[in-house]
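**Student:** Place chain B on chain A using the hints.
What follows is the residue order along each chain.
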Amino acid sequence: MTFLKINNLSVDYQMRKETVYAAKNVNIEVNKGEILGLVGESGSGKSTVGNAIINLIDEPGKVSSGSVILGDLNIHENSESIVKYRGNKIGLIFQDPQTSLNPILTVGEQLIETIQTHLKLSKEEAKNKSINLLKEVGIKDADARFDNYPHQFSGGMRQRVVISLALCCEPELLIADEPTTALDVSIQSQILELIKKLTKKRNLAVILITHDMGVIAETADRVAVMKSGNLVEIGETKKILTNPQENYTKSLVSSVPPTNKKISRFVIVEKEHNKKKENNIKILNRWSKKEIISQDLVQIKNLNKSFDDNFFTENSKNSVMAVNDVSFEIKEGESFGLVGESGSGKSTIAKMIVNLFKPTSGDIFFDNVCITKIKQRSELMKFRKQIQMIFQDPYSSLNGRLKVKDIIAEPITLHNPSISNIDLNNYIYDLLESVELTQKSGDRYPHEFSGGQRQRISIARALATQPRLLVCDEPTSALDVSIQAQILNLLKDLQEQLNLTILFISHDLPVVRQMCDRIGVLKEGKLCEVSITEDLFLKPTHEYTKELLRLMPKIESIYN
Amino acid sequence: MQQVDNKTLSTWERVKDSDIYHSFIKSPTAIVSSTILFIIFFCSFFVELVTPYNPFDPSSLSLMDAFTPPSWTEDGLAKFILGTDGQGRDMLSTILYGCRISLIVGFSAIIFSLILGVGLGLTAGFFGGKYEMIVMRLTDVQLTVPSILMALLVDGIARGLISREMHDEMAIYVLIFAIGISEWPQFARVSRAATLVEKNKDYVSASTIIGVSNIIIMFKHILPNILRPVLVIGTIGLALAILAESTLSFLGVGVPPTTPSLGTLIRLGNDFLFSGEWWITFFPAIFLVILAFSINLLGDWMRDTLNPKLKK
Chain A
1 MTFLKINNLS
11 VDYQMRKETV
21 YAAKNVNIEV
31 NKGEILGLVG
41 ESGSGKSTVG
51 NAIINLIDEP
61 GKVSSGSVIL
71 GDLNIHENSE
81 SIVKYRGNKI
91 GLIFQDPQTS
101 LNPILTVGEQ
111 LIETIQTHLK
121 LSKEEAKNKS
131 INLLKEVGIK
141 DADARFDNYP
151 HQFSGGMRQR
161 VVISLALCCE
171 PELLIADEPT
181 TALDVSIQSQ
191 ILELIKKLTK
201 KRNLAVILIT
211 HDMGVIAETA
221 DRVAVMKSGN
231 LVEIGETKKI
241 LTNPQENYTK
251 SLVSSVPPTN
261 KKISRFVIVE
271 KEHNKKKENN
281 IKILNRWSKK
291 EIISQDLVQI
301 KNLNKSFDDN
311 FFTENSKNSV
321 MAVNDVSFEI
331 KEGESFGLVG
341 ESGSGKSTIA
351 KMIVNLFKPT
361 SGDIFFDNVC
371 ITKIKQRSEL
381 MKFRKQIQMI
391 FQDPYSSLNG
401 RLKVKDIIAE
411 PITLHNPSIS
421 NIDLNNYIYD
431 LLESVELTQK
441 SGDRYPHEFS
451 GGQRQRISIA
461 RALATQPRLL
471 VCDEPTSALD
481 VSIQAQILNL
491 LKDLQEQLNL
501 TILFISHDLP
511 VVRQMCDRIG
521 VLKEGKLCEV
531 SITEDLFLKP
541 THEYTKELLR
551 LMPKIESIYN
Chain B
1001 MQQVDNKTLS
1011 TWERVKDSDI
1021 YHSFIKSPTA
1031 IVSSTILFII
1041 FFCSFFVELV
1051 TPYNPFDPSS
1061 LSLMDAFTPP
1071 SWTEDGLAKF
1081 ILGTDGQGRD
1091 MLSTILYGCR
1101 ISLIVGFSAI
1111 IFSLILGVGL
1121 GLTAGFFGGK
1131 YEMIVMRLTD
1141 VQLTVPSILM
1151 ALLVDGIARG
1161 LISREMHDEM
1171 AIYVLIFAIG
1181 ISEWPQFARV
1191 SRAATLVEKN
1201 KDYVSASTII
1211 GVSNIIIMFK
1221 HILPNILRPV
1231 LVIGTIGLAL
1241 AILAESTLSF
1251 LGVGVPPTTP
1261 SLGTLIRLGN
1271 DFLFSGEWWI
1281 TFFPAIFLVI
1291 LAFSINLLGD
1301 WMRDTLNPKL
1311 KK
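Respectively, the protein sequence lines represent chains A and B.
Note that the first sequence covers residues 1 to 560 in our numbering.
Note that the second sequence covers residues 1001 to 1312 in our numbering.
For the record, the hints were derived by calculation from the structure and aren't laboratory data.
Keep in mind the model is a prediction, meaning the values are calculated, not measured.
You may find that some hints are simply not true.
Unchecked claim - List of simulated lysine to aspartate or glutamate pairs, EDC-like, C-alpha gap at most 20 Å:
1. B:1201 x A:109
2. A:17 x B:1019
3. B:1201 x A:393
Stated by the list, open to error - Residues from chain A that face chain B, not an exhaustive set, calculated with beta carbons under 7 Å:
4. 356
5. 379
6. 389
7. 397
8. 401
9. 411
10. 412
11. 551
12. 552
As the list claims (entries may be wrong) - Here are the simulated distance ranges between beta carbons:
13. A:239 x B:1231: 51 to 61 Å
14. A:379 x B:1035: 56 to 66 Å
15. B:1129 x A:369: 45 to 55 Å
16. B:1143 x A:550: 57 to 67 Å
17. B:1231 x A:296: 48 to 58 Å
Even for Gly, the Cβ is constructed at its ideal location relative to N, Cα and C.
So that you can see chain A by itself, here it is in the shape it has in the complex (with noise of 0.2 Å):
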């Protein structure tokens, strides 16, 4: 039975220069009982609708045509009459659960309010009901943690008073905006169990609005794929993401990278580059051949790293051990991963590696020599020149106040001062072209592009002064799928025709596995083990590792 219908629905945003369609006439059902699943990528208008929904678009954009149906009652009937239906009859949760908590109210305080504002209840009755919405939602000791603040609670509890916070007047209706993006493999799995299970307890209807389809996979029964404002494809879960009729889904579907297998490259349905290999000849030609030995390139030996909150005396006992004792090999011309959740250490490690700081304890070897000793500048430069880094937020590893050209020259004329601006401007263009960027990007700013091209221009920069390591610190967590495909071709790329050795940090079980040949996984600082690719996720033999496997969101689960 159809519950929430929303008809030709279009969201307009007036700007300076044109108006913006957010949304445009989308037409969507949800059932009860039912989660539908709403993907698409940034920009794409999934956020849009299930604002629209509640009419919490910011200015200056507004709701220009469409109806939304709740039962049989058309909510956007006036602005006034929305308001009772939110929170009562229509439940929200958010991706931030740092933010979507007031941080000076208990918990039991904000839940009692939003109760009694919209229920006629006691304080004593919404006191119980309040426990035991927090007991349904897996809080154990409710009773005691009612009295909590938030900030007492961690990423994956806050997340479930949010949800709490959501059920509490019995809503038919529950929108989700990523509610689990913000939030580790581990604790993302058990929060979308709680919604699926929830959904059938409660006989909810929901709405999933996520980027990711590995969630969808496993969460949702229908899913409706957007882009730019239009709806796309909707239609069974398994259906679309086994069988896409659009072009737009195929290339959405091909872009994921699998979970079960290695691929050797994605395939972009939209664009195929034919010309690619041409493309680097140019920049080869600069690049010193270098002979492959297979011996290791770097070595890290008992590396420790502590971080000291306490700014007056330097004793350690307040200090958190960010890396505790890890040791590792990479060889040359390979590609390790470094794998674990949010605070494993995994990106303190990188930049130890990149000399950004010091380790407190152990050494790190670059072709047999200890560079994390070495005290003069010019020998320091010799490494700095060898080993480069790319970023995980494009917007802002770039100085938005020089011009392309002008920050992929730095590197270049730095090691080598006396080049000729000739010879300067082609460098310029092998490395533009070799990330598949035109000449005249060179006298574009950044704030000129998007994040995908952003991070192009970062592994120009990385590539300027022909470094043997490459680190990669989530070169794509911060971009949408499609263009993570070609961002991981790309260095795929890159690397088979430049032998780069790279170290690739992500949190991303299946990204990791099309990029890396040897993985090591990290668990609050410690290594737990290091083993190669195919051998880790077929026969893993560390617990840790096989919780991570068993919890990662899988898009093949859909075939089961």
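**Tutor:** For chain B alone, coordinates are given in the frame of chain A:
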């Protein structure tokens, strides 16, 4: 190949396309205040071209013209629009000459404190540690001393050190130093805070990994990125510096009466206020108010426009 957009914009097209330009032409406050400021700046710096009189050329003055009221009053003369002072100098010309001195002192003082404040704030934020602690405690101490007292103190010391003959010549430099030294802490604080944010961004790490030296990172990468907030408070600081100059000159410790600034003119006119010659003090005062008010309005608009958090 990734296509972005085929045409490359010229600098002027970029400016015309920017949000700042659009916010400017949509804000009447910004247009009015910048027009007023443009007229004031132009008339002050090209005062020789604008006015027919040179109030500092004694041969052109006639005591017969002294105390002529403004032209629209009963005894006024058409050739002295705002009247004359006790020595027969045309008020309007004198004000414009005085305004030039005020602006020169104000601008120089603010540039001096910008260089000092941003330099200290940037290095403090970047290097951190004990150096940062010392600099920031210095600014705290500086902030406990009212800026006008600080300026009086500097002026007093300078008077003690410099001989009487040299004093009139040196007065303007002492004044610039005195005002500049009392305004740098706010620039240091703002630029340190902004540096702390910027230096943890990945583009700074990227430059470090490439091997760029700290000095270049500070000036090529961080400095341009922290200039926005600094420029905003710099604009409001300019109004404060001009007012501080006028206050000091009014108190008689600023520029000497031979090269009067707006503050000096107000002080000189003050003596005549109760004998009925109100225009001698009134016009410089109202001119000063308009000048400071326009700068502040422009500064407010800049703050609203350049701060992304306040954008609607």
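**Student:** Give a verdict on every hint.
**Tutor:** Taking the hints in turn, this is what the structure says about them:
no. : hint                       : in the structure
1   : B:1201 x A:109             : violated (38 Å)
2   : A:17 x B:1019              : holds (11 Å)
3   : B:1201 x A:393             : holds (9 Å)
4   : 356                        : holds (6 Å)
5   : 379                        : violated (11 Å)
6   : 389                        : holds (5 Å)
7   : 397                        : holds (4 Å)
8   : 401                        : holds (4 Å)
9   : 411                        : holds (4 Å)
10  : 412                        : violated (10 Å)
11  : 551                        : violated (29 Å)
12  : 552                        : violated (27 Å)
13  : A:239 x B:1231: 51 to 61 Å : holds (58 Å)
14  : A:379 x B:1035: 56 to 66 Å : holds (59 Å)
15  : B:1129 x A:369: 45 to 55 Å : violated (29 Å)
16  : B:1143 x A:550: 57 to 67 Å : holds (59 Å)
17  : B:1231 x A:296: 48 to 58 Å : holds (51 Å)
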